[in-house]
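Undergrad: Residue numbers (the numbering used here), protein chains in the order written: chain F, 1 to 199; chain H, 1 to 242.
The set of hints was computed from the structure by calculation and includes no laboratory data.
Keep in mind that this is a model prediction, so the values were computed, not measured.
Among the hints, erroneous ones may be present.
[To be verified] In silico DSSO-like cross-links for lysine-lysine, where the CA-CA straight-line distance does not exceed 30 Å:
(1) F:LYS92 to F:LYS114
(2) F:LYS92 to H:LYS57
(3) F:LYS103 to H:LYS112
[To be verified] Which chain H residues stay away from chain F? Per the calculated CB distances, all over 10 Å, these:
(4) PRO48
(5) GLY75
(6) PHE136
[Stated by the list, open to error] A short, non-exhaustive set of chain F residues, derived as facing chain H with CB atoms under 10 Å:
(7) MET1
(8) VAL2
(9) TYR19
(10) ARG68
(11) TRP75
(12) GLY106
(13) THR109
(14) MET126
(15) PHE135
(16) ALA136
(17) ARG162
(18) GLY190
(19) VAL195
(20) ASP198
A virtual CB, placed ideally from N, CA and C, is assigned to each residue, including glycine.
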Amino acid sequence: MVQPLDILVETPSQTAGPYVHIGCIPSFAGVDGIYPEDLGLSPIEEGVKGEVITITGSVFDGTGWAMRDAMMESWQADAQGLYPGQEGADPKLSGFCRFAADKDSGEFTLRTIKPGSVTNRGGATMAPHINVMVFARGINIGLHTRIYFEDEDNSQDPLLARIEQRPRVDTLIAKKIGDGSYRFDLRLQGDGETVFLDL
Amino acid sequence: MTDSSALMARRREVHPVAYYEDYKTSVPRSPSLPLLSMESTFSEETGPRFGHGLIGKYDNNLICNYTQGAALAVGERIRVHGRVLDENARPVPNTLIEIWQANAGGRYRHVKDTYFAPLDPNFGGCGRTLTDENGFYEFMTIRPGAYPWPNRGNDWRPMHIHFSIFGHAFGQRLISQMYFQGDPLIDLCPIAATIQKRSQLDRLVAPLDLQNSRGMDYLAYKFDIVLRGSRQTMFENKMEGM
Ligand SMILES: [Fe+3]
């Protein structure tokens, strides 16, 4: 026998299911009147520092269909690369947003500011990025990924550097489609499959 | 802010598999390539925080929150309570828990739910609460009904409540489901079966907690939750790669 480690084990995940909106974005499901407003409507407030940007995209399943029922969450740093809660972080940035694929088109929109580069514990610098989780029916454990930007210097980013197959790096990079607007599509499976993270 | 240590790696073997043939929607929605693993960073070790100001008077009572206290939902009255801990067995205080569920007839109040069980005019189906300083939480609701769903010819979801838990770090984010002790449909459900270790699935089955039930009022069920923990270390000031 040995001493017990006294380490617990994380509770197993289950799919968020087709009705995830009821719990997370109730007004999207048609459930109004319980809360004054949905949680995480916007990651920014009036007066936030930085460049306001819009990211649009879709989540495609393995058949190439843009999913109509995906619910996404984003978490990001402010324009200086500080996360809410860190000293000196922009008080006008909550950093958290929830958004859903449109019921008819499957397209989502995230309106936020471009984050700054984040200096990590140990001093390494990560290129500007937005952390994203995807939840939906058929996804048994939420999928974690990141949105980087094609008009930033991504060459020194430690996470991107870890992707062995270089063409796959592109799956994490939003394409600039206009002034302050970007396109970012996710592919759950097959050709051009998005790099999903375990960290 | 986070303490400055990395999250423990997720033990993927306790979680459901991504691809499970009998859960048909998972077939086109499961990544076929391995996930990219690395040590967590500030991006995963920080996360949104929500304060008590967010929680309205009726938010943790699904029996009456849809009518803001004016009328009660139909169904078996239950109280669900438990504790949120991390893998180091430390309580996770002041963390947001959101729940959603079908009504007593197994029908969701959602534009996409077309099951012919009737909607309950007094039941919305969502609620939220924060854990206290010791990680405890509770809410009142009605026991949701089982419901059929289009998968194989005759699949039924066991009675369940959907849970969303934030923790204090984006990397702790967890969405899961609570099942009820004794429900024979758990063994037949392909979604429950995506968790391949029975001992792990059992951790999602809440026992009846008669001692914490209240006579002539409600039955209690206990549901404890564990979120990822941080690695305990005193050696974070070492050089990269050493
Ligand atoms: Fe459900």
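Undergrad: Closer than 10 Å between Cβ atoms is the bar; does MET126 of chain F clear it against chain H? Give me holds or violated.
TA: It holds, given that the least Cβ distance between MET126 of chain F and chain H is near 6 Å, below 10 Å.
Undergrad: Can you verify the interface hint for THR109 of chain F: is its Cβ closer than 10 Å to any Cβ in chain H?
TA: 20 Å, violated
Undergrad: Take a quick look at whether LYS92 of chain F and LYS114 of chain F sit within 30 Å of each other, Cα to Cα.
TA: 14 Å, holds
Undergrad: For the restraint on PHE135 of chain F, tell me whether the closest CB of chain H is nearer than 10 Å.
TA: 6 Å, holds
Undergrad: Is LYS103 of chain F close enough to LYS112 of chain H, meaning Cα to Cα at most 30 Å?
TA: 10 Å, holds
Undergrad: According to the definition I'm using, a residue is off the interface if its beta carbon is farther than 10 Å from all beta carbons of the partner; does PRO48 of chain H meet that for chain F?
TA: 4 Å, violated
Undergrad: Against chain H, run the beta carbon of ASP198 of chain F and see if the smallest gap drops under 10 Å.
TA: Holds - the Cβ of ASP198 of chain F comes within 10 Å of chain H, reaching about 4 Å at its closest.
Undergrad: Are all beta-carbon distances from GLY75 of chain H to chain F longer than 10 Å?
TA: Fine: 16 Å to the nearest Cβ keeps GLY75 of chain H off the interface.
Undergrad: Hint GLY106 of chain F vs chain H: min CB-CB distance below 10 Å?
TA: 13 Å, violated
Undergrad: Does GLY190 of chain F pass the interface hint, meaning its C-beta sits closer than 10 Å to a C-beta of chain H?
TA: Holds - the Cβ of GLY190 of chain F comes within 10 Å of chain H, reaching about 7 Å at its closest.
Undergrad: Quick check on MET1 of chain F please, does its C-beta sit within 10 Å of some C-beta on chain H?
TA: Violated - the Cβ of MET1 of chain F stays beyond 10 Å from chain H, reaching only about 20 Å at its closest.
Undergrad: Given TRP75 of chain F as an interface hint, is its Cβ closer than 10 Å to any Cβ of chain H?
TA: 4 Å, holds
Violated hints, listed in ascending order, are 4, 7, 8, 12 and 13; each of the other numbered hints is respected by the structure.
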